[in-house]
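Generate coordinates for the entire structure from the input sequences, incorporating the hints supplied.
The residues making up each chain are set out below.
6 protein chains.
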Amino acid sequence: MEKNIETFLGCDNEFEESRIVIFGAPYDSTTSFRPGTRFAPKTMRSESFGLETYSPYQDLDLEDADIFDSGDLELCFGRPELALKDIENRTAEIIDCGKIPLMIGGEHLVTLGAVRAAAKKYPDLNIIHFDAHADLRDEYLGAELSHAAVIRRVWDILGDGRIFQFGIRSGDRSEFKWGKDHVKTSLFGFEGLDEVISDIGDKPVYFTLDLDVLDPSVFPGTGTPEAGGVTFKELLAAVLKVSKLNIVGMDINELSPMLDQSGASTATALKVMRELMLAVYDNKFSE
Amino acid sequence: MEKNIETFLGCDNEFEESRIVIFGAPYDSTTSFRPGTRFAPKTMRSESFGLETYSPYQDLDLEDADIFDSGDLELCFGRPELALKDIENRTAEIIDCGKIPLMIGGEHLVTLGAVRAAAKKYPDLNIIHFDAHADLRDEYLGAELSHAAVIRRVWDILGDGRIFQFGIRSGDRSEFKWGKDHVKTSLFGFEGLDEVISDIGDKPVYFTLDLDVLDPSVFPGTGTPEAGGVTFKELLAAVLKVSKLNIVGMDINELSPMLDQSGASTATALKVMRELMLAVYDNKFSE
Amino acid sequence: MEKNIETFLGCDNEFEESRIVIFGAPYDSTTSFRPGTRFAPKTMRSESFGLETYSPYQDLDLEDADIFDSGDLELCFGRPELALKDIENRTAEIIDCGKIPLMIGGEHLVTLGAVRAAAKKYPDLNIIHFDAHADLRDEYLGAELSHAAVIRRVWDILGDGRIFQFGIRSGDRSEFKWGKDHVKTSLFGFEGLDEVISDIGDKPVYFTLDLDVLDPSVFPGTGTPEAGGVTFKELLAAVLKVSKLNIVGMDINELSPMLDQSGASTATALKVMRELMLAVYDNKFSE
Amino acid sequence: MEKNIETFLGCDNEFEESRIVIFGAPYDSTTSFRPGTRFAPKTMRSESFGLETYSPYQDLDLEDADIFDSGDLELCFGRPELALKDIENRTAEIIDCGKIPLMIGGEHLVTLGAVRAAAKKYPDLNIIHFDAHADLRDEYLGAELSHAAVIRRVWDILGDGRIFQFGIRSGDRSEFKWGKDHVKTSLFGFEGLDEVISDIGDKPVYFTLDLDVLDPSVFPGTGTPEAGGVTFKELLAAVLKVSKLNIVGMDINELSPMLDQSGASTATALKVMRELMLAVYDNKFSE
Amino acid sequence: MEKNIETFLGCDNEFEESRIVIFGAPYDSTTSFRPGTRFAPKTMRSESFGLETYSPYQDLDLEDADIFDSGDLELCFGRPELALKDIENRTAEIIDCGKIPLMIGGEHLVTLGAVRAAAKKYPDLNIIHFDAHADLRDEYLGAELSHAAVIRRVWDILGDGRIFQFGIRSGDRSEFKWGKDHVKTSLFGFEGLDEVISDIGDKPVYFTLDLDVLDPSVFPGTGTPEAGGVTFKELLAAVLKVSKLNIVGMDINELSPMLDQSGASTATALKVMRELMLAVYDNKFSE
Amino acid sequence: MEKNIETFLGCDNEFEESRIVIFGAPYDSTTSFRPGTRFAPKTMRSESFGLETYSPYQDLDLEDADIFDSGDLELCFGRPELALKDIENRTAEIIDCGKIPLMIGGEHLVTLGAVRAAAKKYPDLNIIHFDAHADLRDEYLGAELSHAAVIRRVWDILGDGRIFQFGIRSGDRSEFKWGKDHVKTSLFGFEGLDEVISDIGDKPVYFTLDLDVLDPSVFPGTGTPEAGGVTFKELLAAVLKVSKLNIVGMDINELSPMLDQSGASTATALKVMRELMLAVYDNKFSE
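Residue numbers (the working numbering), protein chains in the order written: chain A, 1 to 287; chain B, 1 to 287; chain C, 1 to 287; chain D, 1 to 287; chain E, 1 to 287; chain F, 1 to 287.
Think of the hints as simulated: they come from the structure by calculation, not from any bench.
Just so it is clear, the structure is predicted and the values come from calculations on it, not from any experiment.
Wrong hints could be hidden among the right ones.
Note: identical chains are not told apart, hence a pair may lie in one copy or across any two.
[As the list claims (entries may be wrong)] Distance condition first, Cα-Cα at most 30 Å in a straight line; then the derived DSSO-like pairs of lysine-lysine:
{"#": "1", "residue 1": "Lys-120", "residue 2": "Lys-244"}
{"#": "2", "residue 1": "Lys-233", "residue 2": "Lys-180"}
{"#": "3", "residue 1": "Lys-233", "residue 2": "Lys-184"}
{"#": "4", "residue 1": "Lys-177", "residue 2": "Lys-241"}
{"#": "5", "residue 1": "Lys-184", "residue 2": "Lys-3"}
{"#": "6", "residue 1": "Lys-120", "residue 2": "Lys-3"}
{"#": "7", "residue 1": "Lys-180", "residue 2": "Lys-241"}
{"#": "8", "residue 1": "Lys-3", "residue 2": "Lys-284"}
{"#": "9", "residue 1": "Lys-284", "residue 2": "Lys-177"}
{"#": "10", "residue 1": "Lys-3", "residue 2": "Lys-244"}
{"#": "11", "residue 1": "Lys-121", "residue 2": "Lys-3"}
{"#": "12", "residue 1": "Lys-120", "residue 2": "Lys-284"}
{"#": "13", "residue 1": "Lys-3", "residue 2": "Lys-180"}
{"#": "14", "residue 1": "Lys-233", "residue 2": "Lys-85"}
{"#": "15", "residue 1": "Lys-3", "residue 2": "Lys-233"}
{"#": "16", "residue 1": "Lys-121", "residue 2": "Lys-180"}
{"#": "17", "residue 1": "Lys-233", "residue 2": "Lys-121"}
{"#": "18", "residue 1": "Lys-3", "residue 2": "Lys-177"}
{"#": "19", "residue 1": "Lys-233", "residue 2": "Lys-120"}
Here is the structure:
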């Protein structure tokens, strides 16, 4: 008999043949309000069996896509630097094999570890960032490594003009003020996305998708829900556009299963993940 | 003193005078993911007292409509054929008295029992099917009597060209492929509904409404929520159109009260039910 | 060391300097269906720390607004008249100091206490009423002081032509019939709001906002959710318009935290409250 | 077809032949902390189908006991006096037919209505009171008709030496002080119960059972759980003893289904109810 | 990189070296009341990481025990016979390799499949059965394959004098009556267990543990909780005694994670499982 | 009008007159399993109004006890050292005024900050530690500042023979092994407590009470519930004994309100807290 192998639905290929490699980053140690995103990778994997492998949106099927699920990292709580190092290492390992990492958070801070690895490999990296929150604080209650400061830390690496935010509708005044000079922010929705995509062209892109960009009606299962977000159809259209870029890394984060009594938020996260994987797998850069 | 009689709000007429007869089919034995729809009839009946009898949408009132609530069947779990037989018998009993049955599920498989009775009485029966899922599998893990195969079983009875699906957005590839040749499927919404209604004319119609056709934002309280569904206003408009057909049987299914912590999904199911009953009661075929 | 002071986020000014004064009315004794709105003031205050003080919608910040939080009343359950008297007294105390009260309910009946005080001070008071329910019953199960009769009781004070309802989609037939002759009701949404605002001009306005005017997809955390409501964006736009009137009192009510497992309804209520406070603080009548 | 009749499991006899008559008093308007006991009668009736009719403790079966379920009263919220009058009337109607009423609360205040009727019929009435709380306040926040004052109101009718409390472990200092002179209170458990039973002899007894006498480990589903209560086995033994007295009225109250996510508290309430009904039905006074 | 392997904590040995082999039977299709035990195997595996491998009760450690986790069966809902066949086959496969199967249910019906395999291999098999419910019905609503009839079906195989029940406190009258002639039942607790153990000697034993034998205070997370059960310490002592018998198969069933909001029932199930595995692994028959 | 002051029930004295000073340490950043203890101080303060100030166990009343509630610290997540420093400072500030700090956690790591301050002031400090878990790891996944290592860190300060553990029933093998040589551990309950109390005599004691020492039946609302714990009555008796020592600091920790759907765990925590405060206030060292 074989040991019990568990993967995301339809992501049971071998590492070597895969173009996309999934891993979980179950970490929420710096979450300042409602915690629980640490449970997202396990819950999403487990609940993925309620999903179909086939997408009627793209007429594509996960059964035809070579995707590998490498399981979850075991991350140190209380010492963010250690956790980020482990994330960076796993990301680098995947990228170095010519594959595209898809990290499932966890709180948004995990993105920093993955971007560190991606930026080392691709110095001309751009960031597409979907989120309700600007995440541009310089520090939060004394912590520079905080979910609320993660995009600021990413900027520390990449500098001006390389970060493109969409859907933003929350932050303190200083974040918005600082942001105007250093990143491109589209408030409330996806206005300007086509132009950004056109400007980026073939340059390598890391795509970080904080699911709270969705309206809380669609996605209540997250720690800091922000009314006034985008609909599922708007998000799906935007994801399909971004997926045509030269994606070299990506993550989906901030699902909090403890806040998802009905399971609908988890199901929605999984559908977004399926569509993203299929579209990236199917784009010209992945071939 | 009288015994304790409980009916859906405003549905306390006598059987003989009624045009519409409600019954519950509290069955979810083949549900493969999250169970619990067995609790829908009782919960909906109990919570109906939070609803008003009057509809400001149609300016009609349940107090003026002769509707009878015959309570819930007691169905055998573990032997679907027995349960379906009981459902078929109750449906036939109602239809044979010239009344319109309204069955409250339960999982979607219960529709098969009701359609068997309706198709015997009305050989030229058509099916209007609102759902997120195609339900066209030939079998599911060895079971031909499964919620995931129910419309396929209905097709076994009715054959090609008699089944009209709307709102479908989930299924495996083979279902969509098979469906193209045998049923008419409108993806994601209600496109083409007017034409279907016009084509059907006054032929007898069984209307089966799987509430997960609604977007999970509106209706999270169901076992397999599928993002990308229709809004309440879109559903209401479509239901009012269908209600003008020659409805000979109908059902509402897949509410799962255990997944509805706030009660909002149950309340929404009840409002859809009220509008459906009022509109069917008020149409020209019911007079 | 100082005692533990807790206020709504950013509402920690001194009473004397403040233009707006918040208080909680934790009362739901006449709620006939699902109770629990009594917990709204405490829960909203506590959860307000998940909110930002800055509004990207209005480019205003609670840190710049002089708002005072006077805490919650301790109200007698079982004797509505006593509770209403306490509410009236607190409201009068605030109004008499030339400040604008913002009451956080509780069930909708609490509005009656506040309107009594406001109408004494401003005999030409008008009411803007956002709600799913007409609340125009003459009595409910023998109680004239009931959440379902509150606007009728307000009419007892103000008479015809002074009450403007928006978003209404539930009530019994008699309420709608009575309402046609005595109040102005806009069904389902905000049609006609611009005209009403223009007609009111500078006259004093009490604004009562029952949060169940929102669609249950956006706001499931309330006792009698009614499908078919307005979106957050529609509500925000309407609130910003009303806020430009000569507001002399206002309330937000009917959040029920026990029904808000994810916290998203509470967060939405808080965002509405922030935008309302900022807009009223910033209007020409407040200066 | 017959209308939908719903009764507590095994309590489907005709009124005339019955010795015990059940009714629900779904009222919790004066509850000062967590509300929700209004849902107990409906929920208990609905969940009773998870129970067996047979008791292995007493080797008795509800199928052999003539018990009638007369359904729930519809009580006015916000005006306790009206609600109490309705309860008194229903109780009197049952007692006047020579039957024993079993009322299902609701909050504990409902007991007052039933005791009023019982004391009229039986001037030498005694009260056995199981509870965590003394309920001996003279008033609560200005209300004399309050769950926290209910036994004090009962004392107003019966006077000294007729009230026997067991399991009490919460109250304010003044209640305990007052109680020493007017009622007999056994703290924490059932010490002294045998003696009380022996002293009462065959005098008529009203038995009021506040389920929060149980330890919260056994019965968390109640509004004000108090650690340090009795076990199920201790309660069962005490109930069986009390049931041998000349019971002329009884009630079970303070289950709050909204706080009973697992359903275990409701199931426990139902088992206590079954054992109580069987034992009273089987005692020498009922024959 | 390796695929994602998930096992119960400390049960990550190879099949060949293992004495005990775990598998999950996620099936609850015949559950007549609250469903959800299908989620127990996955949830227990996932939550096992909150447990320690070391037992201070036995001074033994799972790290020293060779145990293999073979994952969960995928079972057909709606056709119990198919599901039971799959369970029988997996059990036979393990037994035929000289190993001890430990099945995690699922509803109690799953035991029948395992006992069929064990009884084939060991014709002199005895059953130790811990449960709140007798499970001795001949059929339930027409179904002979029902959780409520499972021990009766086991008796069909083994006949009189081979089944020993403990903790039983629920059933209909006919079950108790029938049981007196055919099985040995100890009501409410473990009285007589020592004698049974002594009588069985080294005959092969299948041990089936329905976790609802525990009091609902300890174990609310199950579909039909029955007050009056045993404490954890009583169960642990009894399990350790049974574990010294010649165990040839065992199962743990009826945890329902959807009813376990706090996670405490799942944690308790896991601790029972750990102690059972360690004790059986350590007994003289396993060496 | 005054600002909104919120304190634990009956703890509204002035700092100067108080013997006991409460503060909250809402921190759970290193929690490795289910997080959420950060919400305990706020939730306990808010729910304390469901408690009585009077203890029938001790015939003492919080109204007679001078206790001050200094509110909650705002602690940095992600950098435990910063959080511990803030806790140490607050503790020192209280101790230096000759008062006894009572800290409400939070995860158990917070104890380290308080002990650092207490040990500086009282070099001969002893620790009484009630807990389910040994908390004696040297590090956990690379973190030395972890809830699972907190008593080991305390030992780093105090050394051998000064730490007395009770109720311990979980840990890895190495913890138990190491513990034998360095601390005194009583497994499963309070055996030996009288002797320890007698040995300690007048020496200063810090009392740390991890509420998961209680059995999960009594206290399910905690992150890592461990079956086999003590009852409320056992804990109460032990707390009353410890309270007679020369207590110089104390804490209560590990309540997780998100896991306490019924509120019963919070209510139990509050009752323990009341009894502890009254007993310490009333002991001879406090006079």
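Evaluation of the provided hints:
Taking the closest pair of Cα atoms, Lys-120 and Lys-244 come within 30 Å of each other only inside a single copy of the chain (23 Å); across copies the shortest separation is 53 Å, beyond that limit. When the C-alpha separation of Lys-233 and Lys-180 is checked against a cutoff of 30 Å, the pair qualifies both within a copy, at 28 Å, and between copies, at 24 Å. Proximity of Lys-233 and Lys-184 under a CA criterion of 30 Å is satisfied in both settings, with 23 Å inside one chain copy and 23 Å between copies. Taking CA atoms no more than 30 Å apart as the test, Lys-177 paired with Lys-241 passes in both settings, with 28 Å inside one copy and 27 Å between copies.
Taking the shortest Cα distances, Lys-184 and Lys-3 never come within 30 Å of each other, neither inside one copy (48 Å) nor across copies (39 Å). When the C-alpha separation of Lys-120 and Lys-3 is checked against a cutoff of 30 Å, the pair qualifies only between copies, where the shortest distance is 26 Å, while the shortest distance within a copy is 36 Å. In this assembly of identical chains, the alpha carbons of Lys-180 and Lys-241 lie at most 30 Å apart whether taken from the same copy (24 Å) or from different copies (28 Å). For a Cα distance limit of 30 Å, the shortest separation of Lys-3 from Lys-284 across copies, 27 Å, qualifies, whereas the shortest one inside one copy, 37 Å, does not.
For a Cα distance limit of 30 Å, the shortest separation of Lys-284 from Lys-177 across copies, 26 Å, qualifies, whereas the shortest one inside one copy, 38 Å, does not. When the C-alpha separation of Lys-3 and Lys-244 is checked against a cutoff of 30 Å, the pair qualifies only between copies, where the shortest distance is 28 Å, while the shortest distance within a copy is 38 Å. For the homomeric pair Lys-121 and Lys-3, the shortest alpha-carbon distance between copies (25 Å) is at most 30 Å, but the shortest distance inside one copy (35 Å) is not. In this assembly of identical chains, Lys-120 and Lys-284 lie within 30 Å of each other by CA distance solely inside one copy; the values are 23 Å within and 54 Å between copies.
With identical chains, the CA atoms of Lys-3 and Lys-180 are never at most 30 Å apart, being 53 Å at best within one copy and 37 Å at best between copies. Within a single copy, Lys-233 and Lys-85 get their C-alpha atoms no closer than 36 Å, and across copies no closer than 41 Å, so neither meets the 30 Å cut-off. Taking CA atoms no more than 30 Å apart as the test, Lys-3 paired with Lys-233 passes in neither setting, with 40 Å inside one copy and 33 Å between copies. Taking the closest pair of Cα atoms, Lys-121 and Lys-180 come within 30 Å of each other only inside a single copy of the chain (28 Å); across copies the shortest separation is 47 Å, beyond that limit.
For the identical chains of this complex, Lys-233 and Lys-121 are neighbours neither inside a copy (33 Å) nor across copies (42 Å), given an alpha-carbon limit of 30 Å. In this homomeric assembly, Lys-3 and Lys-177 never come within 30 Å of each other (Cα to Cα): the closest approach is 54 Å inside a single copy and 32 Å across copies. Proximity of Lys-233 to Lys-120 under the C-alpha cut-off of 30 Å is found in neither arrangement, the shortest distances being 34 Å within a copy and 41 Å between copies.
When held up to the earlier numbered hints, the structure conflicts with 5, 13, 14, 15, 17, 18, 19 and fits the remainder.
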